[in-house]
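Novice: Chain residues, written in single-letter form:
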Amino acid sequence: EIQLVESGGGLVQPGGSLKLSCAHSSLSGTSDYISWVRRAPGKGLEWVSVLYTPGSTYYADSVQGRFTISRDRSRTIVFLQMTSLRAEDTAVYYCARLAIGYYFDYWGPGTLVTVSS
Amino acid sequence: QSALTQPASVSGSPGQSITISCTGTSGYVGSSDLVSWYQHHPGEAPKLLIYEVTKRPSGVSNRFSGSKSGSTASLTISGLQAEDESDYFCCSYTGDSTLIFGGGTKVTVL
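Here the protein sequences come in this chain order: A and B. For the first sequence, my numbering assigns the number 1 to the initial residue and increments by one for each residue that follows. For the second sequence, my numbering assigns the number 1 to the initial residue and increments by one for each residue that follows.
Derived by calculation from the structure, the hints in this document are not laboratory data. C-beta: ideal position from N, C-alpha, C; glycine also. Be aware that one or more of the hints could be misleading.
Restraint ranges, calculated between C-beta atoms of paired labels, are given here [to be verified]:
#1 Ser31/B to Pro109/A: 31 to 39 angstroms
#2 Ser67/B to Lys43/A: 33 to 41 angstroms
#3 Ser17/B to Arg66/A: 27 to 35 angstroms
#4 Ser26/B to Arg66/A: 17 to 25 angstroms
#5 Ser26/B to Tyr52/A: 34 to 42 angstroms
#6 Glu85/B to Gln13/A: 31 to 39 angstroms
#7 Ser69/B to Gly15/A: 43 to 51 angstroms
#8 Ser97/B to Arg66/A: 14 to 22 angstroms
#9 Gln64/A to Thr108/B: 47 to 55 angstroms
#10 Ser25/A to Glu85/B: 29 to 37 angstroms
#11 Tyr52/A to Leu110/B: 28 to 36 angstroms
#12 Gln16/B to Asp105/A: 38 to 46 angstroms
#13 Ser67/B to Thr76/A: 47 to 55 angstroms
#14 Lys43/A to Ser17/B: 39 to 47 angstroms
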């Protein structure tokens with residue numbers, strides 16, 4: 001069973017930074033594609049970012065230039081570095097495994113990020 | 001505004017069938033079969049219900065089924081149960097290595 005667990009959420013002021021982590025165990029080794037998805041209060045799910053391989057990263061327009069996805073050397077932790085945070089970034093952030101057919105088959109329980117002064 | 005349009009809400013009585021539509025623009029949905037559906041109770045992890053338009057993962061009830069016609073994908077819930085009351089989202093691969101979710105549909109069991 002693949003498991004993902006997010007951490008690093010919390011309260012941050014507008015303009016501040018926060019780094020989320022997604023620890024994942026994988027049956028297929030370290031080649032899993034990991035994505036971040038968020039859900040803001042009263043809103044729907046929003047795809048945020050995906051890491052295919054180091055150097056192959058993509059972002060939603062709403063976070064492009066402010067968020068950076070990366071992976072640690074052990075390749076079992078994926079990070080989401082968030083900078084220049086805005087109130088509208090307030091959401092529960094989920095990491096999820098992106099399967100070959102471009103669907104999310106495993107999800108973490110989520111971590112809450114609140115951007116407020 | 002999402003490029004995948006879902007109705008904001010759908011309701012039905014226990015035992016009935018309901019269908020949630022997901023209409024794509026900009027070639028989403030219509031140009032590929034890489035559409036998936038998720039059930040999400042806020043506060044919990046989203047759950048994969050359908051992938052590649054019609055495929056159901058192991059462990060998902062066969063009361064959930066997916067289909068597609070043109071630029072509209074659909075999720076049908078048969079034999080509606082109280083536990084099905086939740087938010088449902090479609091998701092499509094965009095063709096340029098990114099993904100997009102629909103706006104979501106709140107399902108109410110009357």
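Novice: Within 34 to 42 angstroms or not, the Cβ separation of Ser26/B and Tyr52/A?
Specialist: Cβ of Ser26/B to Cβ of Tyr52/A: about 22 angstroms, so the range 34 to 42 angstroms is violated.
Novice: Does 17 to 25 angstroms hold as the CB distance between Ser26/B and Arg66/A, or does it fail?
Specialist: 24 angstroms, holds
Novice: So does Glu85/B sit 31 to 39 angstroms from Gln13/A, Cβ to Cβ?
Specialist: 37 angstroms, holds
Novice: Quick check on a hinted range of 33 to 41 angstroms for Ser67/B and Lys43/A, using CB atoms only.
Specialist: 27 angstroms, violated
Novice: Measuring from beta carbon to beta carbon, are Ser17/B and Arg66/A in 27 to 35 angstroms?
Specialist: 43 angstroms, violated
Novice: Return holds or violated for the Cβ distance of Ser25/A and Glu85/B against the range 29 to 37 angstroms.
Specialist: 32 angstroms, holds
Novice: The hint says 39 to 47 angstroms between Lys43/A and Ser17/B; measuring C-beta to C-beta, is that right?
Specialist: 28 angstroms, violated
Novice: I want to verify a distance hint. Is the separation of the beta carbons of Ser69/B and Gly15/A within 43 to 51 angstroms?
Specialist: With a Cβ separation near 47 angstroms, Ser69/B and Gly15/A satisfy 43 to 51 angstroms, so the hint holds.
Novice: Is 38 to 46 angstroms respected by the C-beta to C-beta distance linking Gln16/B and Asp105/A?
Specialist: 29 angstroms, violated
Novice: The hint says 28 to 36 angstroms between Tyr52/A and Leu110/B; measuring C-beta to C-beta, is that right?
Specialist: 44 angstroms, violated
Novice: Quick check on a hinted range of 47 to 55 angstroms for Ser67/B and Thr76/A, using CB atoms only.
Specialist: 38 angstroms, violated
Novice: Hint says 31 to 39 angstroms; check whether the CB-CB distance for Ser31/B and Pro109/A agrees.
Specialist: 34 angstroms, holds
Checked against the numbered hints above, the structure breaks hints 2, 3, 5, 9, 11, 12, 13 and 14 and satisfies the rest.
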